[in-house]
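Colleague: Chains as they are written, first to last, in the working numbering: chain A, 1 to 688; chain C, 1001 to 1176.
Keep in mind that the hints were calculated from the coordinates and are not lab data.
Incorrect hints may have been included.
Examples of chain C residues toward chain A, derived with CB under 8 Å [to be verified]:
| id | residue |
| --- | --- |
| 1 | A1048 |
| 2 | I1050 |
| 3 | P1089 |
| 4 | S1090 |
| 5 | I1115 |
| 6 | P1133 |
| 7 | R1147 |
| 8 | N1161 |
| 9 | A1165 |
We put the beta carbon where it would ideally sit given N, CA and C, even for glycine.
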Amino acid sequence: MRLDFIEVCGFRGFRDKVRVDFGRGFTVITGRNGVGKSTLCDAVEFAITGSIDKYSVEKAAKESLNDYLWWRGEGTPKAHFVTASFIDDAGKPFMITRTREAGSDRSPEEIQAALCSGPVPDDALKQLTRTSIIRDEWIAALSLDLSETERFDLVRAALGALEGSGAGGRAKEVVVAAEAAHSRDEAAYEAARSRLADRLAQQSETQAALSRSGDVSEALRTISAAIPDAPIELTARLAAGRNALASVRAKLSRMGEAVQLGREIAARQATFNAPEAAAAREAASAALEAARRAKEAADRVITEAEQRLAREEEADAIAASLTLLVEHGERLGLHDDHCPLCAAHRTSDEFAAGLAAARRRIASLSSGVQDARAALAAARDQARQPALDLERAEAEVAAHANEERSLRAQEAAHVDFYTQWNLDHRFIGDPDGLEHEIATERDRSINLERALLVLDASQAVSRMSSIESEISALRDEIERLANAVSQSQGAVTAAREIERSVKRVSAEVIDERLAQISPLLNELYQRLRPHADWRTIEYSIRGDVRRFLSLKVGNGLNPQFVFSSGQRRAAGLAFLLSVHLARAWTPLRSLLLDDPVQHIDDFRALHLVEVLAALRLDGRQIICAVEDPALADLLCRRLVSTSTEGGRRFDIDINPLGATGVVNEEEIPPLPVGVLRNAAGLQVVSGT
Amino acid sequence: MDILTQAEILLRDAQYETWTWTASTGPVTCFESAALMGFVHVFDSAEALIDGWKASQQLALARHSASLRGAGTKAWNVYSVFLTGGRAPSRSREIERIEEDFSLTRKIARASISIQDDVEKALLPLLSIRSKPLLGASNFESRLRSRLKDIPSDAVTAFLNDTPAAEVARILGATS
């Protein structure tokens, strides 16, 4: 299988359609910088994988390589596609076309089926392009500059999938499964031990309960006496007993309160009914009566004084009227010996005597008011003390009445308390009797509680036998689980041993394979001769889990650090070519090199050309892009062209319209044979 | 070791046509393939090589000058191989510098040629890739079985037969 042709349009720097028909033997592509030589390698890679791997930076300024896959220059391409065509040794073609619009016309599986065979590595198509296309950018990066683990992985991938390559993953799965089973066994074992610990604690508690056991029948009698209608079933009877006990305790508390209340009432009654208290109450009643009488007498005196004052004040009003009349009469005087007031015939004397008599009468009438007022005030003064006395006596009598009412109310509340809590009314007035009753009831509750404890203990007996059988079963289970843990631990150990052995055997297989390709690396290194003194290069593999592949020259020196850039590239080429040649999983015999001679001097470039010529001799198709026309000439001369595997040379450039195109295409014919044998061409020369 | 004979054997193995003619300086082996042609000159010592390679080259080219003139571009693919069994460590670099002279022919110059491998290394630029890694079957299964003698064989068989991991673990003794 080799490349037949590549056709691109609107791809990268190719605006117009360009087709390159590769020579079956070799193809040399030449052109100045930037005309698109590398794009032809890109196109092959893109056709196979759908991407281009050469850029280490995937994104820049929010743009990725994908934004630059297709033509972005002046003008509009007629189409956007890449077609790569391969042809096998029987002449059967296999073509892949990827368009911008529709993607690939081949699935990755189809492409892999055509281009890979046998036990392929992971990500086979990527590995195929990585090991088939040797780019300037990657010569050092993919060889000397790789970390040792990456280098190991690259070589291992190039070797393809090895026998038993999936065994490592499966062994890991077996370890995980065995560990999971072991974890489950351990968890079950721990859970059983935890249950056993619980049961052992219960056993101890039950044992303690058993130590309190007594006469069960006596206890039952006690409970029956305390709760005549208790259920027969033991647990229910125990529950009823505990309820009854709680009720008795509550009742005892109420009875205690009732005793307290009864004693308070009795004390108050005793105080209230004492002879001194009764005498005091009678004295208070008598004092009230006396005070009431004294008050009434004083009130009568006041009434009388008020009546007298009224009368005096009435007489005083008459005297005032008379005074006005007398004064009027005096002013008028006798008129014709007649009284001006009553027209009676009067003499002056009589008139004067009448006036005098009147004035006396006025004086007598008015003089009684002052006395009456004084008498009333005195009476009122006299009545004040009896009023105070009465008030005091009434307060005292009221206080006695209040005390009695309070006592009666307390007595009623006491009765209500008895009623409310269903206490025996016989003890309402008998706190001592009630206290005696409390003592009796407490005795009964203690007996009930003891009986309940005894019954509890009797239950513990049956519980104990259940716990003991459970403990025995648990011990058996723990024994079984311990064996399972031990077995699963053994399984984990065995699984890890399998995993270790798989790793070791795989590592040995890889090491052997690497050892097998080591001479190839050395031969290529010797052919390329990067260094005049260090003529050999060695693989060195280290590590068990992580594998390292280091390259050493001379006396264990790392070429990465002792070689010049040109020497590093030459050594890198040797490495990449050995990886390319070691692939056994692809029928593709095409090697593409994109400008492999940068930084390499003419002498080493010549060595590279000789190496490529040697690869050609092995029937490989060499496709090489170079900038230098002289180097292209050398390649065209040195890479063997035969009638069946001819060579081609393409010169590409940018045409006047700004599009890249093939400006020269040339078949490289086979060279003449038998040149030196041609006797006619021999000259006689002297040996001097 | 006859260096010339060994060189001829190697070149013939590599599909070259070879023949020898004797020049005044000694025998010269000619070789030619579809792409290359050239001459192998053997010297008695490193000094003789250093002193005589130019004359030997000139002699061979002169003898074939007419043929080479008619060979077209193939005339650019002429190799002059200068070999000697003589040892001259102090002059080996000087000898190899001859190869960097690009005038007239591509040159291969080596001293201390004592075994066939030395001849082969010297002629490598003319030969196809010699190392062909034989990546055969690795007998992974039998090697793994041999390593796992202490593991029950039914478990190893189950493992190698892609039996589910949990089942392999069960066979190994994990019971839960």
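Colleague: Please name the hints from earlier in the document that this structure breaks, with their numbers sorted from lowest to highest.
Modeller: 1, 2, 3, 4, 5 and 8
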